[in-house]
Amino acid sequence: GNSVTQMEGPVTLSEEAFLTINCTYTATGYPSLFWYVQYPGEGLQLLLKATKADDKGSNKGFEATYRKETTSFHLEKGSVQVSDSAVYFCALTTYNNNDMRFGAGTRLTVKP
Amino acid sequence: DGGITQSPKYLFRKEGQNVTLSCEQNLNHDAMYWYRQDPGQGLRLIYYSQIVNDFQKGDIAEGYSVSREKKESFPLTVTSAQKNPTAFYLCASSRGTGENQPQHFGDGTRLSIL
Chain A
37 GNSVTQMEGP VTLSEEAFLT INCTYTATGY PSLFWYVQYP GEGLQLLLKA
87 TKADDKGSNK GFEATYRKET TSFHLEKGSV QVSDSAVYFC ALTTYNNNDM
137 RFGAGTRLTV KP
Chain B
47 DGGITQSPKY LFRKEGQNVT LSCEQNLNHD AMYWYRQDPG QGLRLIYYSQ
97 IVNDFQKGDI AEGYSVSREK KESFPLTVTS AQKNPTAFYL CASSRGTGEN
147 QPQHFGDGTR LSIL
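Chains as they are written, first to last, in this note's numbering: chain A, 37 to 148; chain B, 47 to 160.
The hints are simulated quantities; they were obtained by calculation from the structure and are not laboratory data.
Using N, Cα and C, we set each Cβ at its ideal position, and we do this for glycine too.
It is possible that some hints are incorrect.
[Unchecked claim] Sample of chain B residues at the chain A side, in silico, Cβ under 8 angstroms:
1. P54
2. G86
3. Q87
4. L89
5. P121
6. L136
7. P148
8. F151
9. D153
10. S158
[Stated by the list, open to error] A few chain A positions that, by computed beta-carbon distances, are all more than 10 angstroms from chain B:
11. V47
12. A53
13. N58
14. T87
15. G97
16. E105
17. E112
18. T145
19. V146
Let the sequences and hints guide you as you build the complete structure.
Structure follows, in structure tokens:
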């Protein structure tokens with residue numbers, strides 16, 4: 037079946053450090069890929085998405101490139117801020133949203 | 047502003063009691079979903095609905111029930127049959143069920159057992 041594997045957290049960085057959160061997937065067909073962010077006590081917010089191979093999703097300084105050859109969708113940001121502290125989820129869907137699969141989430145803490 | 051409203055934010059259940067979690071959306075979305083989130087885990091799908099008066103079981107439907115009488119509303123009932131109901135419950139909606147449609151989430155309801 038379809039699945040998503042994220043790097044285990046927690047991840048702790050200093051402000052202005054470079055961030056990478058790894059995400060790999062297994063899917064039949066051609067999935068669409070998403071990154072969601074969850075702040076404490078809140079629901080998930082869509083951060084970015086990519087719907088086909090080699091697409092790059094970007095938002096608020098975060099980027100992720102859909103790599104079909106390595107089945108990956110790693111999240112990156114060049115300079116993190118304290119306000120980026122949250123839990124990040126990688127997710128995929130295939131032919132319909134009823135089959136959206138989430139990774140376990142990676143908690144990021146950014147220290148001043 | 048359009049969005050998804052979940053209520054209450056915190057809910058407590060006594061043993062043997064059914065409780066209902068509310069989810070309302072004004073995004074005019076056709077599809078709605080309920081997820082359960084446990085600490086350190088990803089989201090698991092409980093139920094989903096693609097259109098009014100229709101819904102389908104997800105991966106962990108046992109001990110839960112839903113209804114979809116209106117497009118805007120998708121309440122979830124946690125029954126006494128659910129033996130481990132303590133969790134964070136998230137409701138989501140999407141414009142349709144095509145793979146390019148992202149899901150939009152409410153702020154969740156945290157359910158605890160007294």
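Hint by hint, here is what the structure shows:
1. P54: Violated. Min distance 13 angstroms.
2. G86: 7 angstroms, holds
3. Q87: 6 angstroms, holds
4. L89: Check passed: Cβ of L89(B) comes within 5 angstroms of chain A, closer than 8 angstroms.
5. P121: For P121(B), the interface hint is violated, since the closest Cβ of chain A sits about 17 angstroms away, which is over 8 angstroms.
6. L136: 5 angstroms, holds
7. P148: 5 angstroms, holds
8. F151: 4 angstroms, holds
9. D153: 5 angstroms, holds
10. S158: 14 angstroms, violated
11. V47: For V47(A), whose nearest Cβ neighbour in chain B is about 14 angstroms away, the distance exceeds 10 angstroms, so it holds.
12. A53: 24 angstroms, holds
13. N58: 15 angstroms, holds
14. T87: 5 angstroms, violated
15. G97: Nearest chain B Cβ is 19 angstroms from G97(A), so the label holds.
16. E105: Its Cβ never comes within 10 angstroms of chain B, the nearest being 20 angstroms, so this holds.
17. E112: 20 angstroms, holds
18. T145: With a cut-off of 10 angstroms, T145(A) remains clear of chain B, as the shortest Cβ separation is near 15 angstroms.
19. V146: 20 angstroms, holds
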